[in-house]
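Engineer: One-letter residues, chain by chain:
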Amino acid sequence: MSTVALCWSADFAVSQARCVTPARMKTADNLDPSAANLERARADAELLRRIARDDREAFSQLYDRFSRPLYATALRILNNPSEAEDIVQDVFLALWEKAASFEVTRGSAFAWAVTLTRNRAIDRIRMRTRRAELLSQTTAEDAGTQPSDAGPDSATRLLFKEQAGTVRAAVAALPPEQQRAVELAFFSGLTQQEIAAQLREPLGTVKARIRRGLLKLREILGGRHD
Amino acid sequence: MIDELHEELASLYVLGLLEGDELASFQAELAHDSALQALVRDLTESTARLAYSVPGSPSPALKARLLDQIDTAARWRAERKIVPFSVPAWLPWAAAACLAISCAWLGQLYLASRSENALLRDQQTLAEFELSSARNQLKAERLIAQHEVSSATGQLAAVDQNLKRAQQDADDANLQLASAQKLIAARDLQLAQNSERVAELEAKAAHDTDLANFKISTLASLLGNSPQALAVAVWNPARQEGVLRVEKLPALAADKDYQLWLVDPQYPIPVDGGVFTVDPATGEARVTFKADKPIKSLAKFAVSLERKGGVPKAQGPMVLLSQ
Chain A
1 MSTVALCWSA DFAVSQARCV TPARMKTADN LDPSAANLER ARADAELLRR IARDDREAFS
61 QLYDRFSRPL YATALRILNN PSEAEDIVQD VFLALWEKAA SFEVTRGSAF AWAVTLTRNR
121 AIDRIRMRTR RAELLSQTTA EDAGTQPSDA GPDSATRLLF KEQAGTVRAA VAALPPEQQR
181 AVELAFFSGL TQQEIAAQLR EPLGTVKARI RRGLLKLREI LGGRHD
Chain B
1001 MIDELHEELA SLYVLGLLEG DELASFQAEL AHDSALQALV RDLTESTARL AYSVPGSPSP
1061 ALKARLLDQI DTAARWRAER KIVPFSVPAW LPWAAAACLA ISCAWLGQLY LASRSENALL
1121 RDQQTLAEFE LSSARNQLKA ERLIAQHEVS SATGQLAAVD QNLKRAQQDA DDANLQLASA
1181 QKLIAARDLQ LAQNSERVAE LEAKAAHDTD LANFKISTLA SLLGNSPQAL AVAVWNPARQ
1241 EGVLRVEKLP ALAADKDYQL WLVDPQYPIP VDGGVFTVDP ATGEARVTFK ADKPIKSLAK
1301 FAVSLERKGG VPKAQGPMVL LSQ
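The listed protein sequences correspond, in order, to chains A and B.
Just so you know, the working numbering puts the end of the first sequence at 226, numbered straight through with nothing missing.
Just so you know, the working numbering puts the end of the second sequence at 1323, numbered straight through with nothing missing.
What the hints contain is simulated information worked out from the structure, not anything from laboratory work.
Everything numeric in this text was worked out from a predicted model, so none of it was measured.
By construction, the Cβ of each residue, glycine as well, lies at the ideal position given by its N, Cα and C atoms.
Be careful, since some hints might not be right.
For each label pair, taking beta carbons as the anchor points, the in silico distance ranges come out as [as the list claims (entries may be wrong)]:
{"hint": "1", "chain 1": "A", "residue 1": "A169", "chain 2": "B", "residue 2": "A1061", "range": "29 to 35 Å"}
{"hint": "2", "chain 1": "B", "residue 1": "L1067", "chain 2": "A", "residue 2": "K161", "range": "55 to 61 Å"}
{"hint": "3", "chain 1": "B", "residue 1": "A1035", "chain 2": "A", "residue 2": "R56", "range": "36 to 42 Å"}
Here are some chain B residues pointing at chain A (derived, C-beta under 10 Å) [said to hold, decoys possible]:
{"hint": "4", "residue": "A1010"}
{"hint": "5", "residue": "L1039"}
{"hint": "6", "residue": "I1070"}
{"hint": "7", "residue": "E1141"}
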């Protein structure tokens, strides 16, 4: 997991808020996950501050950093590429409009963006009442278009890959029952009772699995950012 | 130190799975618990990174659309910006004058407001007093009404009890009346029977006392030594009894009695009518007698002198005989 943090040296993230070069990645080889998270959060916050001043370039960079996980989340929840893009578009416009209201003390920009995306996707899925149909489907396939050469630069794509690898490994490290409970809770938009019914387990068991799963993820991924 | 329950609630909260009272309660705790806030932040951050665990990339056109949109928005914002202009030298003085006038006006307004406020406070106090008074009066009226209702209820209960008692008395009286009516009917029946009986008895008595039916005879002496002896006998055939009165009969010896005899043709010998004695001084006697046997048709009376106590069949000399 340490390779994920390579690109997030404090100087680079705060002053430039840009993706790092491979050379600088190597210098941060020993950065621990919590420190990497902290640096990434600071870089994101700086981008938002610039966006609040109508900085188009900062918006472009933030899009490159957030668009794939946000889109993947929306796609996983909605299982519809077109609707997932609509959600991502709405979220980025919201970030553009509300960047000035972002407070770093209340959490990271990334968590804010994910929360916006997830809430809007869940609202939409509930509005469509397609829950049963979507639940019957298993793992969402990667229906999105692969990034073109005109997309994020290679360093950003590398960062994304590292992040994705880290998180997938963390999820895979969870016991299967915790993994299933956490995934359903995060991506399905179901209530506690509906998750318990879906898993055919008592509600208390499901709650305990979610608790243990999230605590384990925090332990692996290093949750504290401030 | 955060317990498992709060860890669980924080996990569910981060995932948006708390609802209703559970959510409100947790949010209330969260607002005052910095450790819980830190846990929620940590879990939010690590959970948000689950977004990296699923595949998917938006189309390149999306970024272009977004950049176009924000360019449009930026231009619109720029167009709304106010163009700066040069400030005339007199403007600060004018502004100061306006400010002074405004301050004076606001001060006056403030004083007027204070005065009005005091008046309103007085009115509010008065209104509160009136409200309190009205509440007290309402409370008193409610208490009086409750008391009256309670009293009326008690009276109603008493009246109801009296009514029940009167109904019971009426029922008892009706029973007694029915019993008395039965008794009267029984008495009337008995009276009617008694009246019938009285009538019968009166008829019988009339018959018995009818002198026309009586047998009255005078008895003449058959003795030479007492020719003046006289007797009258009256026989009531209905009552089968009679009365004999004698005068001047000779005095009896100690071992002798006079014995009355009744002659009825249906019997071969005279029927015994009983023994009697006379007053030795006057020779008088009054004797009520009855026949020894039923007499149908009395023909004669006779008196004989017999031994003391009488005999079943006349043996001694005949002293008197009806004419």
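Engineer: Confirm or reject each hint.
Structural biologist: Quick rundown of the hints versus the structure:
no.	hint	in the structure
1	A:A169 / B:A1061: 29 to 35 Å	holds, 32 Å
2	B:L1067 / A:K161: 55 to 61 Å	violated, 24 Å
3	B:A1035 / A:R56: 36 to 42 Å	holds, 41 Å
4	A1010	holds, 8 Å
5	L1039	holds, 9 Å
6	I1070	holds, 5 Å
7	E1141	violated, 54 Å
Going through the hint list in order, the structure does not satisfy hints 2, 7.
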